[in-house]
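Visitor: Sequence:
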Amino acid sequence: MADWLERFGGVDIADIDVTDAESLVKLWQQHYSADIDQSDLIIAKRKYYARLDKKIDGILEDTDLNIAQTDAETGEVSVAKTIASTSYANISDFADKRTFILGTDNFGRDVLTELVSAIKTSLKIGLIAGLLATGIGLILGLLAGYLGGFIDDAIMFVTNLFTVIPSFVLLILISYSVGNNARGVMMVACIIGLTSWTWTTRSVRSQVISLRNRDHVNLSKLSGHSLVRIIMTDILPYLASYVVMALILQISCGILSEAQLSMIGLGPATTKVSTLGLMMNWAMTYSAHLNGAWWAFIPVILAITLISFSLNLMNTGLDQVFNPQLRE
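Mapped onto this note's numbering, the consecutive letters of the sequence shown carry residue numbers 681 to 1008.
Simulated from the structure, these hints should not be mistaken for lab results.
Hints may be right or wrong, so weigh each one.
[As the list claims (entries may be wrong)] Dumping the calculated EDC-like pairs for lysine to aspartate or glutamate here, alpha-carbon to alpha-carbon at most 20 Å:
id, residue 1, residue 2
1, 734, 683
2, 727, 717
3, 706, 683
4, 725, 715
[As the list claims (entries may be wrong)] Cβ pair distances, simulated, as ranges:
id, residue 1, residue 2, range
5, 732, 762, 25 to 31 Å
6, 845, 998, 29 to 35 Å
7, 792, 886, 42 to 48 Å
8, 783, 1000, 37 to 43 Å
9, 756, 782, 31 to 37 Å
10, 683, 819, 53 to 59 Å
11, 793, 819, 36 to 42 Å
12, 924, 849, 25 to 31 Å
Positions of the beta carbon are idealized from the N, C-alpha and C atoms, including for glycine.
Could you put the whole structure together from the sequences, leaning on the hints where they help?
Guide: See below:
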């Protein structure tokens, strides 16, 4: 508060007494305005001061508070005692108290509720990114492997180009260029999907090359079947098991990629919808790991670990189902 009052409020530092909370709040209420030019501050700091202004609004009002008490026999609620707004109260005296299993974050929100919502959003991002990456990789791999020639060379040139450049670097560059206003949940999922298709393309291509000269494919060619029919009926069914396993891996990679982007501040630019990466970003921003607030980041780390481990375990199980040679 003192830093903002001096830089943007025009208050002399000698007039600011940080030890006197009442005078400090009065100075803040007199000089703070969100309309003042704060372009020197990052967006996170501007939002922080706006939240601070709302939080201390009315804090100096001298209003008595009534503590209610519930009758054990009748269930009726009555006023047990009245305390001043500036006095301390025992939480056990409140009838409508609420217990937070994982505590609250710096915004006063229930971490457990936020964690459940973040898992849902992260799974949504992973699913969209996985479907997009698998779809692109499957189409390009089928075309490159079956057609060969110039088309194969062109597709593999682009694939190798994307492979040489680290995908996370591409994620950072594209996410930064999009901007905060357009970087929502759907946009981040699409960015991840558009930069994660390369290894799927190479794997599908290698399998299609081994399938395109088999007898049933040559028979379809001699019968005059179209390219689409040959791919859909004679090649794609043999790749179905691999496509499912590739999709699961892409979903896992999508969740981890979103967490990485959000931790460096390039994830979904929103505070209305939380993700696992955003929760980690908020924990780092407010130094939860230094303040000993383990509930702000340990549950998130465990959730990411369990989701990734579960998807990889599912992939291993499906591999044993689709490949009889791996069964005991």
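Visitor: Evaluate the given range 37 to 43 Å for the C-beta pair formed by residue 783 and residue 1000.
Guide: Given a distance of about 41 Å, which is inside 37 to 43 Å, the answer is holds.
Visitor: Hint says 31 to 37 Å; check whether the CB-CB distance for residue 756 and residue 782 agrees.
Guide: Check passed, 33 Å falls within 31 to 37 Å.
Visitor: Measuring from beta carbon to beta carbon, are residue 924 and residue 849 in 25 to 31 Å?
Guide: holds (29 Å)
Visitor: When you take the CB atoms of residue 732 and residue 762, is the distance between them in 25 to 31 Å?
Guide: With a Cβ separation near 29 Å, residue 732 and residue 762 satisfy 25 to 31 Å, so the hint holds.
Visitor: Is it true that residue 793 and residue 819 lie within 36 to 42 Å of each other by Cβ?
Guide: holds (40 Å)
Visitor: Does residue 734 pair with residue 683 here, judged by a C-alpha cut-off of 20 Å?
Guide: holds (18 Å)
Visitor: Just tell me: holds or violated, for the beta carbon distance of residue 792 and residue 886 against 42 to 48 Å?
Guide: Between residue 792 and residue 886, where Cβ atoms are some 45 Å apart, the hint holds.
Visitor: Does residue 715 sit within 20 Å of residue 725, going by the straight-line distance between their CA atoms?
Guide: holds (14 Å)
Visitor: Honestly, do residue 845 and residue 998 meet the 29 to 35 Å range at C-beta?
Guide: Holds, at about 31 Å.
Visitor: Would you mind confirming whether the straight-line C-alpha gap from residue 706 to residue 683 stays at or under 20 Å?
Guide: Holds - the C-alpha atoms of residue 683 and residue 706 are around 15 Å apart, at most 20 Å.
Visitor: With a cut-off of 20 Å on the C-alpha distance, tell me whether residue 727 and residue 717 pass.
Guide: holds (13 Å)
Visitor: The hint says 53 to 59 Å between residue 683 and residue 819; measuring C-beta to C-beta, is that right?
Guide: 54 Å Cβ-Cβ, so the 53 to 59 Å window holds.
Hint compliance for this structure: no hint is broken.
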